[in-house]
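Participant: Listed below are the residues making up each chain.
Number of protein chains: 6
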Amino acid sequence: MTGPDPDATALDLPPLDPLPDATQKYFDVCTEKLGLIPNVLAAYAFDTGKLDAFSGLYNNLMLAESGLSKLEREMIAVAVSSINRCFYCLVAHGAAVRHLSGDPMLGEALVMNYRYAEITDKQRAMLDFAVKMTEESYRIEETDRQALRDAGFSDRDIWDIAAVASFYNMSNRMASAVGMQPNTDYHGQAR
Amino acid sequence: MTGPDPDATALDLPPLDPLPDATQKYFDVCTEKLGLIPNVLAAYAFDTGKLDAFSGLYNNLMLAESGLSKLEREMIAVAVSSINRCFYCLVAHGAAVRHLSGDPMLGEALVMNYRYAEITDKQRAMLDFAVKMTEESYRIEETDRQALRDAGFSDRDIWDIAAVASFYNMSNRMASAVGMQPNTDYHGQAR
Amino acid sequence: MTGPDPDATALDLPPLDPLPDATQKYFDVCTEKLGLIPNVLAAYAFDTGKLDAFSGLYNNLMLAESGLSKLEREMIAVAVSSINRCFYCLVAHGAAVRHLSGDPMLGEALVMNYRYAEITDKQRAMLDFAVKMTEESYRIEETDRQALRDAGFSDRDIWDIAAVASFYNMSNRMASAVGMQPNTDYHGQAR
Amino acid sequence: MTGPDPDATALDLPPLDPLPDATQKYFDVCTEKLGLIPNVLAAYAFDTGKLDAFSGLYNNLMLAESGLSKLEREMIAVAVSSINRCFYCLVAHGAAVRHLSGDPMLGEALVMNYRYAEITDKQRAMLDFAVKMTEESYRIEETDRQALRDAGFSDRDIWDIAAVASFYNMSNRMASAVGMQPNTDYHGQAR
Amino acid sequence: MTGPDPDATALDLPPLDPLPDATQKYFDVCTEKLGLIPNVLAAYAFDTGKLDAFSGLYNNLMLAESGLSKLEREMIAVAVSSINRCFYCLVAHGAAVRHLSGDPMLGEALVMNYRYAEITDKQRAMLDFAVKMTEESYRIEETDRQALRDAGFSDRDIWDIAAVASFYNMSNRMASAVGMQPNTDYHGQAR
Amino acid sequence: MTGPDPDATALDLPPLDPLPDATQKYFDVCTEKLGLIPNVLAAYAFDTGKLDAFSGLYNNLMLAESGLSKLEREMIAVAVSSINRCFYCLVAHGAAVRHLSGDPMLGEALVMNYRYAEITDKQRAMLDFAVKMTEESYRIEETDRQALRDAGFSDRDIWDIAAVASFYNMSNRMASAVGMQPNTDYHGQAR
Chain R
24 MTGPDPDATA LDLPPLDPLP DATQKYFDVC TEKLGLIPNV LAAYAFDTGK
74 LDAFSGLYNN LMLAESGLSK LEREMIAVAV SSINRCFYCL VAHGAAVRHL
124 SGDPMLGEAL VMNYRYAEIT DKQRAMLDFA VKMTEESYRI EETDRQALRD
174 AGFSDRDIWD IAAVASFYNM SNRMASAVGM QPNTDYHGQA R
Chain F
24 MTGPDPDATA LDLPPLDPLP DATQKYFDVC TEKLGLIPNV LAAYAFDTGK
74 LDAFSGLYNN LMLAESGLSK LEREMIAVAV SSINRCFYCL VAHGAAVRHL
124 SGDPMLGEAL VMNYRYAEIT DKQRAMLDFA VKMTEESYRI EETDRQALRD
174 AGFSDRDIWD IAAVASFYNM SNRMASAVGM QPNTDYHGQA R
Chain Z
24 MTGPDPDATA LDLPPLDPLP DATQKYFDVC TEKLGLIPNV LAAYAFDTGK
74 LDAFSGLYNN LMLAESGLSK LEREMIAVAV SSINRCFYCL VAHGAAVRHL
124 SGDPMLGEAL VMNYRYAEIT DKQRAMLDFA VKMTEESYRI EETDRQALRD
174 AGFSDRDIWD IAAVASFYNM SNRMASAVGM QPNTDYHGQA R
Chain E
24 MTGPDPDATA LDLPPLDPLP DATQKYFDVC TEKLGLIPNV LAAYAFDTGK
74 LDAFSGLYNN LMLAESGLSK LEREMIAVAV SSINRCFYCL VAHGAAVRHL
124 SGDPMLGEAL VMNYRYAEIT DKQRAMLDFA VKMTEESYRI EETDRQALRD
174 AGFSDRDIWD IAAVASFYNM SNRMASAVGM QPNTDYHGQA R
Chain H
24 MTGPDPDATA LDLPPLDPLP DATQKYFDVC TEKLGLIPNV LAAYAFDTGK
74 LDAFSGLYNN LMLAESGLSK LEREMIAVAV SSINRCFYCL VAHGAAVRHL
124 SGDPMLGEAL VMNYRYAEIT DKQRAMLDFA VKMTEESYRI EETDRQALRD
174 AGFSDRDIWD IAAVASFYNM SNRMASAVGM QPNTDYHGQA R
Chain D
24 MTGPDPDATA LDLPPLDPLP DATQKYFDVC TEKLGLIPNV LAAYAFDTGK
74 LDAFSGLYNN LMLAESGLSK LEREMIAVAV SSINRCFYCL VAHGAAVRHL
124 SGDPMLGEAL VMNYRYAEIT DKQRAMLDFA VKMTEESYRI EETDRQALRD
174 AGFSDRDIWD IAAVASFYNM SNRMASAVGM QPNTDYHGQA R
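Chains as they are written, first to last, in our numbering: chain R, 24 to 214; chain F, 24 to 214; chain Z, 24 to 214; chain E, 24 to 214; chain H, 24 to 214; chain D, 24 to 214.
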């Protein structure tokens, strides 16, 4: 496939055709680097304003400088998506964890039950916070933030943990609400 | 107060000082139009890349053209925030519903239990979907989307309902995770 | 309106007409002191035996001498009603908290998420107990009662906390079950 | 034992000693009719104002004229107490169901899982409503009330179902909150 | 009744007729020792391979040598069945607890809310673990196992606690799924 | 590794050494056919009575003649294990689904959210029943069984669906309670 999948979701919202140049270029970069255009981007391609706003936030959270490594951010993505049972995000970000870590079992454990992942105590504290935010954010209090500080995170790190966990609570629900289908190529990657 | 509140959250992440010109201008517009700089923006003011990415998505969702009125988008914001018991968002967007509707009781009902709000059947279907997405997004299936179509929504409208409901599931969790405090002025507005 | 609202609930159970003298006098006192006849009383006015039994318990719990102030009893009412998402009780007792405290933000916080209320540690312990009783009373054990003693409450105070929290678990369910509507005047009071 | 059990709860709130005449007479009637002073009454005997208010409401709900039989009101009591896992109420009202029905298996089924009770369809509708009120009262809407009407209940009956179910949601929580112990005689009654 | 009840479940799967000799002998032993053929065995009697596999596991868990007494294993059975609200198992194993302990109140407490059972601290730790396994097994971690060791259990005991609690999570669901009815004789036993 | 893994669980219960001949033979068959000795069997190898009872039931359920194919039984195993978030069973039976179906995506979907699996309507009804049994078995009633009959299942099939779903509710809890680790070879199988 050389263009965005028109059946990326259950909604009848086909990509703009032709795509604006900038979008086409962005998708070409995806195809070159990832071997595919992620369906989440294909889904947004009916409206470039929405696509740009979404990918702008995504890129800032997942790629900008942070005290959290890119792998750690993907770990949060998968742990959160597991609680929300989001098929799209578990497939796509499970693949990312396997790829970035070179450890397929880590990806599996985060998809299934993050308590079984072989990670550091600091990373466990990070995921405990992200999961509590996902399950019952209204119970988060200062003691929860302090637990992250005690585990070695700075306030800036806490912001980033919170922001990434929050983002996937958005993204999981969007994917589930519109019936988003993951690109089939993800399943076999980095096994 | 003429600048962003440095205590907008429980994290020690003060706004840039001085603010970049563009940000200062954005905040000046807020002060002029709203009479305040919303603390959610103050909270992001430690990093303009993050502020711009967040407000870019926010502005697209809440202000861009849509089959949903601005009031309806705020109604979704409050119904979702009620499920997540997000103090910040209930205060800020509860005020927005009161302001846009001129109906303080509508704002109250959405904060407390949206089933008591006096709204159209179509709006009720919209909020039922938004609340199901919030409580158990993994159970959303084609029948749920079809119920929205049957209520008179287009696929494009469904996208917007899903996107706004998803956004507040992010925003609620971010506010709760960092202990965001709403501007005190909201409480008395449009009563 | 000079008589009890005949549409206080979704049930077809109109007030006695004429009301017995004692009931009329009671309602006149309400009108004089509160400016309205609370719809919860109007709802019971189809049967004075039921009205008297209900208001007898209510008056004892909320007005009789206690180690808890009247405001604290109303705080429990609102925190419990928030968990049960009871529209009637949140509107009526939210107004009472605003009125007794002179602090609209306190009322809002208790309606939305009591963890954000600016209250003493002792009051927080009181609300934690009331909320646990509401959410999972079967898990209450001696350690929970001891936590109240450690916070400075006597056994008699614990009885009163338990009794008030229990009462609103009754009252919330009654209001929701019969579709009780709050008097519209409450919304704007003490803002 | 000829007086109220001073250890009816985990709180140090002994009965008045001596009891006022009216209370002593009430307890004497209990002993004569039931063979015991129910510990719920013993628990309240530290304050006759509270005892009278509680028993006033109890008597109105459980004994006054109603479209529901006394057995049906006890069935609601047990079904609600089962959801709330209230030891005191299950023991005391389980015995009442066995006694009034002459059917020990009915009492057992209501304690364990009311779906297994051999009751009429109309009674099943009554218990479904009472249980929904207990588990998630905020979701009760007109369709739930209409289901009761369709099953043959009048609006006055619906009030009584709601009132009894609400009362045990209070009573269950009170018993659990103060650690109330049932009289041991109940266990063997009407087996 | 001298043979297995053909209506032990809601499924149309009558016992083999005639029963194979070994099965008939097994059922004769039941009748002799228990005064009845437990309906759970009657339910499996349509297929002796399934009956033997089920009863093989049951007998090993409940009757083989263990650091847990037979009563303690029945206590786990009832506490787990209470969480799962399994009518069949609560009736049958509630009777077993009453019989083995000679304490009807212990059986009642375990059926209703195990937190009210008068048991040793060690037994309470055992039931807390069994109940946590039942409610949210995915949250069990090393600290939970260590709590059992701290209470005095060996690793072999922990295996047995886990195995018995797991078995009733199977058995409860099987009984509920096929609509299994307990033998009526259980209700009155050992009261 | 040629023997059972002594670290299959978090408990200190090493396999018998030497293993009895029959057990050694059984494990040799596993190694030959599967390329490994499943850790669930290694975990039980400290007591051959327990191993035989467990594997007896397992073999009857998963391998004996049934109206359900072996793949369908594995599908139930994975869907149930997903609800219970059992790491061991998801890894081991996820591999089995991939192997038996030749469809890695089917295995993934069942691990993540069975509603996204591409299966027949009849299989969907089967999994809906298995998942309801897992989440809230006490709500199963005749209408649930009838839904399976309407989907084309016989009463004997319903028994098998119920029995397999029940078994994994046992097995999931056992694995989680003892901290069972899956053989690492499963992760890469049949991708």
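If you are wondering where the hints come from, they were derived from the structure by calculation, not from laboratory data. Among the hints, a few may not be true.
The list treats identical chains as interchangeable, and a pair is accepted whether it falls inside one copy or across any two copies.
[Said to hold, decoys possible] Keeping only pairs whose Cα atoms sit at most 27 Å apart, straight-line, the calculated BS3-like set for lysine-lysine is:
id, residue 1, residue 2
1, 73, 145
2, 93, 56
3, 56, 73
4, 73, 48
5, 73, 155
6, 93, 155
7, 145, 155
8, 93, 73
9, 56, 155
10, 48, 145
11, 145, 93
12, 48, 93
13, 48, 155
Participant: Does each hint hold? Answer for all of them.
Facilitator: Cross-check of the supplied hints:
Taking the closest pair of Cα atoms, residue 73 and residue 145 come within 27 Å of each other only across two copies (25 Å); inside a single copy the shortest separation is 36 Å, beyond that limit. In this assembly of identical chains, residue 93 and residue 56 lie within 27 Å of each other by CA distance solely inside one copy; the values are 16 Å within and 39 Å between copies. With identical chains, the CA atoms of residue 56 and residue 73 are at most 27 Å apart both within one copy (23 Å) and between copies (25 Å). For the identical chains of this complex, residue 73 and residue 48 are neighbours both inside a copy (17 Å) and across copies (24 Å), given an alpha-carbon limit of 27 Å.
When the C-alpha separation of residue 73 and residue 155 is checked against a cutoff of 27 Å, the pair qualifies only between copies, where the shortest distance is 23 Å, while the shortest distance within a copy is 29 Å. In this assembly of identical chains, the alpha carbons of residue 93 and residue 155 lie at most 27 Å apart only when taken from the same copy (21 Å versus 31 Å across copies). In this homomeric assembly, residue 145 and residue 155 come within 27 Å of each other (Cα to Cα) both inside a single copy, at 16 Å, and across copies, at 26 Å. Taking CA atoms no more than 27 Å apart as the test, residue 93 paired with residue 73 passes in both settings, with 24 Å inside one copy and 17 Å between copies.
For the homomeric pair residue 56 and residue 155, neither the shortest alpha-carbon distance inside one copy (34 Å) nor that between copies (36 Å) is at most 27 Å. For the homomeric pair residue 48 and residue 145, neither the shortest alpha-carbon distance inside one copy (39 Å) nor that between copies (40 Å) is at most 27 Å. Taking the shortest alpha-carbon separations for residue 145 and residue 93, only the intra-copy value of 15 Å comes in at or below 27 Å, while the best inter-copy value is 42 Å. Taking the shortest Cα distances, residue 48 and residue 93 sit within 27 Å of each other inside one copy (24 Å), while across copies they are farther apart (33 Å).
With identical chains, the CA atoms of residue 48 and residue 155 are never at most 27 Å apart, being 39 Å at best within one copy and 37 Å at best between copies.
In the structure shown, a violation is registered for the earlier hints numbered 9, 10 and 13, in ascending order.
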